[in-house]
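Make the full structure from the sequences, and use the hints.
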Amino acid sequence: MSQAPETTRATPPDPDEAPGPRRRPLMTALTLLAVLALGAVLGIAVTHDPSGSSREAPAPAPAPAAPAAPKGMNDQLRPDSAAALDPANRSDTEAAVKNDWPMIANDEFDGTSLNRDLWSPYTGETTGGVGRHKAENLSVGDGKLTLTSRGKTSAGLAWREGQQYGRWEVRAKTNKGSGYGDVILLWPDAEDWPEGGEINFMEVPKGDRTETHVIVHYGEDNSQVGKTITGDFTQWHNYATEWTPDHVAGFIDGKEVFRSTDRDVVPPRPMHLAMQQDIGPYGDDWIPALDERSPETLDFQIDWVRIYGLQ
Numbered sequence: 000m001s002q003a004p005e006t007t008r009a010t011p012p013d014p015d016e017a018p019g020p021r022r023r024p025l026m027t028a029l030t031l032l033a034v035l036a037l038g039a040v041l042g043i044a045v046t047h048d049p050s051g052s053s054r055e056a057p058a059p060a061p062a063p064a065a066p067a068a069p070k071g072m073n074d075q076l077r078p079d080s081a082a083a084l085d086p087a088n089r090s091d092t093e094a095a096v097k098n099d100w101p102m103i104a105n106d107e108f109d110g111t112s113l114n115r116d117l118w119s120p121y122t123g124e125t126t127g128g129v130g131r132h133k134a135e136n137l138s139v140g141d142g143k144l145t146l147t148s149r150g151k152t153s154a155g156l157a158w159r160e161g162q163q164y165g166r167w168e169v170r171a172k173t174n175k176g177s178g179y180g181d182v183i184l185l186w187p188d189a190e191d192w193p194e195g196g197e198i199n200f201m202e203v204p205k206g207d208r209t210e211t212h213v214i215v216h217y218g219e220d221n222s223q224v225g226k227t228i229t230g231d232f233t234q235w236h237n238y239a240t241e242w243t244p245d246h247v248a249g250f251i252d253g254k255e256v257f258r259s260t261d262r263d264v265v266p267p268r269p270m271h272l273a274m275q276q277d278i279g280p281y282g283d284d285w286i287p288a289l290d291e292r293s294p295e296t297l298d299f300q301i302d303w304v305r306i307y308g309l310q
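Numbered per numbering that gives the first Met the number 0, the sequence shown spans residues 0 to 310.
Hints were generated in silico from the structure; no laboratory data involved. All clues given are correct.
Label pairs and their calculated CB-CB ranges:
id: 1; residue 1: Gly150; residue 2: Asp261; range: 39 to 47 Å
id: 2; residue 1: Asp283; residue 2: Gln234; range: 24 to 32 Å
id: 3; residue 1: Asp261; residue 2: Glu190; range: 18 to 26 Å
No farther apart than 20 Å at their CA atoms in a straight line, the calculated lysine to any residue pairs in the SDA-like style are these:
id: 4; residue 1: Lys254; residue 2: Asp99
id: 5; residue 1: Lys175; residue 2: Asp284
id: 6; residue 1: Lys175; residue 2: Arg292
Since this is a predicted model, take the numbers as computed values, not measurements. C-beta atoms are modelled at their ideal positions from N, C-alpha and C, and glycine is treated no differently.
As structure tokens, this is what we get:
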């Protein structure tokens, strides 16, 4: 067996306000639109007349339409490929145990407060800018981390130390509630999405919690590849991803549910783990808007987080 490359590690920046993953303003397109709009408002300009007097120039011809903005996070695509979990074969087996992955870091949430040496809570806007993350919506107790959404405030947090390549596994449980989406992902340390990649290895956008998705974002136009898995995700499950120089894979309860060996899909630089609860509306037929079906509060629970290197 050839030896896998040595795991490299990097520490992401620690700003006063940690950004919420999966949200990037399309500033280039918006700036262009603003310039074009300004030209249309001015309409006329003063030019010099050789006779010595000033005259008004005719209004310019209408400017061409601005080019379409590149795909952004609100262009979330539903994977074409789908599969179902078999309840009769449900297992609590971890991918790490089945595949003998060497653990290099973990958090079992056995204390009574969040370990700030390991985690950086979000304090910025939620994905799509609908609401805001607040650190006060994070709590640790009874051996679990709980992210709680309350109306238009939510919670999210990022593992402070990033690395290039490895495996991540998280035991998590969602609860039913329309208008909120639970996500576990890897996000680029360099904050250069989408070129830096994104691996969502648990994404549950619908209120009935009967679907989760593994989705990899890549390339400058936010290309996406992934798989939809149906099942009951209000139960505890183990979600894992494996990221190597030649593939990205996703697992649920120790079973591989997704794999891509396309080198263009593999993220090019160090990434770190992040977990969050998003607030709708977000995307086309993704997370619906808050409405009368939405609970006043909604929890997203994490039993443990374990990070593994490559052999």
